[in-house]
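Undergrad: Modelling step: build the complete structure from the supplied sequences, incorporating the hints.
Going line by line, the protein sequences match chains A and B.
Read in numbering that gives the first Met the number 0, the first sequence has 11 at position 12, and its numbers run on one by one without any break.
Read in numbering that gives the first Met the number 0, the second sequence has 288 at position 289, and its numbers run on one by one without any break.
Just so you know, the hints here were simulated from the structure itself, not pulled from any lab data.
All of these numbers come straight from a predicted model, not from anything done at the bench.
A couple of the hints might just be wrong.
[Claimed, not checked] Taking CB as the label site, the calculated pair distances span:
{"no.": "1", "chain 1": "A", "residue 1": "Gln283", "chain 2": "B", "residue 2": "Gly182", "range": "54 to 64 Å"}
{"no.": "2", "chain 1": "A", "residue 1": "Lys59", "chain 2": "B", "residue 2": "Gly159", "range": "44 to 54 Å"}
{"no.": "3", "chain 1": "B", "residue 1": "Lys98", "chain 2": "A", "residue 2": "Glu165", "range": "17 to 27 Å"}
{"no.": "4", "chain 1": "A", "residue 1": "Glu280", "chain 2": "B", "residue 2": "Gly184", "range": "48 to 58 Å"}
{"no.": "5", "chain 1": "A", "residue 1": "Glu165", "chain 2": "B", "residue 2": "Trp169", "range": "14 to 24 Å"}
[As the list claims (entries may be wrong)] Derived list of chain A stretches under chain B, where covered just means 3 residues or more per stretch with a C-beta under 8 Å from a C-beta of chain B:
{"no.": "6", "stretch": "42 to 56"}
{"no.": "7", "stretch": "127 to 137"}
Glycine is no exception: its CB is placed at the ideal position from the N, C-alpha and C atoms.
Spelled out, the chains give:
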Amino acid sequence: MATLSIPNPVPSAIEDAEKLRKAFQGWGTDEKAMIAVLAHRDAAQRKQIKIAYEDQYKEKLLKRIESEISGHFERAVYCWIFDPVERQAIMANIAIKNKVVDFPVIIEIACINSSNELLAVKQVYQSLYKHSMEEDVASHATGDFRKLLFALVGTYRYDGEEINTELAKTEAKILNDAITKGEYNSDEIIRILSTRSKAQLQATFNCYKDAHNLSITKALSTKTPNDFVIALRAAIRCRTTPTKYFEKVLRNILQKSGMDEDALTRVIVMHAEKDLKEIKELFQTRANMTLEQAVAKKTSGDYENFLLALIGN
Amino acid sequence: MADETLSLKKAFSGHGGFGVDETTMAAMVTKWRKQPDQKSRFRSDFSGFFTKIGSIEKCEDDYLLRLKTEFSRFKNIMVLWLMHPWERDARWMHHVMHKSYPFTVIVEIACTRTSEELLGAKRAYQALFNHSVEEDVAYHIKESYSKLLVGLVSSFRYEGPQVDNDMAKWEAKALGNVIKSSGSGKLIQNEEVIRILTTRSKRHLKATFKHYKELHGKPIEEDLGANLCLQETVKCIDKPAKYFSEAINIAFKEGADKPSKLSLTRVIISRADVDMEEIKETYHKQFGVKLEDMITKNTHGHYKDTLLTLIGK
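TA: This is how it looks when you write it as structure tokens:
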């Protein structure tokens with residue numbers, strides 16, 4: 000469930016556009032007013048506000064925001080304004096064009112969406128960037144990463160509930176063979192992980208656990224973790240237990256030293272209107288503090304206020 | 000009398016030809032009603048199809064099977080004609096999994112359909128078979144060309160007008176380098192070859208092939224060695240009308256096998272409403288004979304009539 004809270008009744012798009020205009024005028028920016036509007040509107044409402052603002056004031060809302068605010072706050076607001084489909088297309092493009100492909104972003108987008116949701120992201124990606132997401136992933140990623148990411152992004156998976164138990168047993172064995180040989184980049188692992196339906200994959204992993212008394216992600220934990228195995232584990236988790244995956248990502252960001260604001264922004268912004276509530280609840284049981292407390296501890300200023308507004312109170 | 004026998008033999012033979020002459024057969028029933036002697040003389044005279052055993056002329060099993068195939072040509076073309084194109088493509092692709100069709104059918108469908116049509120076929124495939132076509136191809140086909148096939152069938156190509164000419168030139172050079180340095184057996188598994196052929200837009204690939212020819216003085220097909228899969232891929236993307244014209248020609252060759260003959264139906268049905276005029280022109284130019292004449296000469300009965308109607312204006 001979403002954590003996004005929208006006032007009832009919600010002001011019209013024109014009223015919201017006016018409030019934003021007021022927030023921009025004069026010296027400095029009234030960030031609180033910005034947050035009060037933008038962090039409490041859903042995708043459709045945000046779109047209407049963009050249109051209303053542009054109609055009224057003859058300038059693009061995004062351009063104005065970019066000139067008014069900066070830093071992590073600005074990046075978070077920028078990501079947030081788009082609707083989920085366009086946002087993911089933009090984030091995928093940024094991740095791909097990074098010096099080294101930011102694989103967690105691609106894996107998340109490819110694995111947590113249903114086939115039709117991912118298709119929608121790919122269609123928007125094509126219209127924005129005049130390339131298919133597959134071709135950009137394939138041409139920017141290399142080696143084993145290319146194989147994995149291309150397979151995850153490129154497959155239009157079957158989303159049905161049917162399970163073939165015999166097949167699950169066979170494929171659990173295939174996975175085990177590859178893992179015991181240390182062949183983590185095996186074509187079979189990639190094939191099974193990227194082409195099987197979620198239900199079938201879950202059945203396969205259950206068979207694996209039954210046979211070896213060890214979950215497949217634990218089996219893939221090696222003492223010297225290499226990036227590719229990390230990517231495999233992320234893909235496995237995203238495909239089968241996304242809530243746990245994102246909860247762990249948040250806990251890693253918020254409870255370890257150092258700080259990755261881009262990753263924090265990404266998780267909060269991408270889930271606030273989707274399933275942040277479940278992630279929050281799990282976080283609380285695991286971290287012994289609320290998500291709000293953890294975020295408040297590690298962030299500050301307008302960036303903190305914006306995130307807290309999205310996390311919901 | 001001799002003429003009748005000849006035309007009846009021809010009508011019944013179905014062998015070497017395409018289809019059966021239903022009209023002649025039905026006319027004969029009328030003529031030879033209540034004349035068992037006529038029929039008996041016909042059977043004795045129809046060597047290769049009937050053999051004398053004791054006091055009766057037994058029908059050869061072999062002949063019965065061939066007749067079954069020939070009678071069903073009309074049935075098949077009617078059912079296929081009535082079906083939705085996406086279901087047709089899904090069923091044809093599914094046949095390949097069970098080895099009753101050559102894998103080139105997958106190349107044909109994946110490369111000559113538009114992105115939307117291929118997506119539709121993939122959706123139909125899921126609805127019919129409860130699996131994605133990607134997972135089935137990856138699982139059932141374990142040959143040197145599997146990776147290429149999986150890539151082709153997963154593709155969701157950009158179809159817009161934009162082409163990065165510099166990139167096309169660069170990739171033409173890259174392909175040239177790979178071709179020079181790889182053994183022809185390894186070419187089909189080369190990652191760069193697969194990446195370029197399976198992810199780039201068709202416009203981009205046409206530009207790439209054009210640059211290749213300018214760089215190396217010959218079309219890329221000539222440098223692909225005996226790699227049927229690669230050859231067909233390039234042909235389907237670059238010159239589909241030529242590919243289809245050649246497929247038709249193979250069907251009409253002396254001693255053509257069952258799958259080759261089946262492609263006559265498949266090509267005519269699937270292209271009748273798309274690029275049949277272009278295919279006819281190409282066929283005429285390539286083989287010096289009009290397609291209408293080839294069909295009239297070599298096919299029979301209602302099957303023939305349907306084919307002629309489909310290729311007509």
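Undergrad: Run every hint past the structure and note whether it holds.
TA: Consistency of the hints with the structure:
no.	hint	result
1	A/Gln283 - B/Gly182: 54 to 64 Å	holds (59 Å)
2	A/Lys59 - B/Gly159: 44 to 54 Å	violated (23 Å)
3	B/Lys98 - A/Glu165: 17 to 27 Å	holds (21 Å)
4	A/Glu280 - B/Gly184: 48 to 58 Å	holds (56 Å)
5	A/Glu165 - B/Trp169: 14 to 24 Å	violated (47 Å)
6	42 to 56	violated (count 0)
7	127 to 137	holds (count 6)
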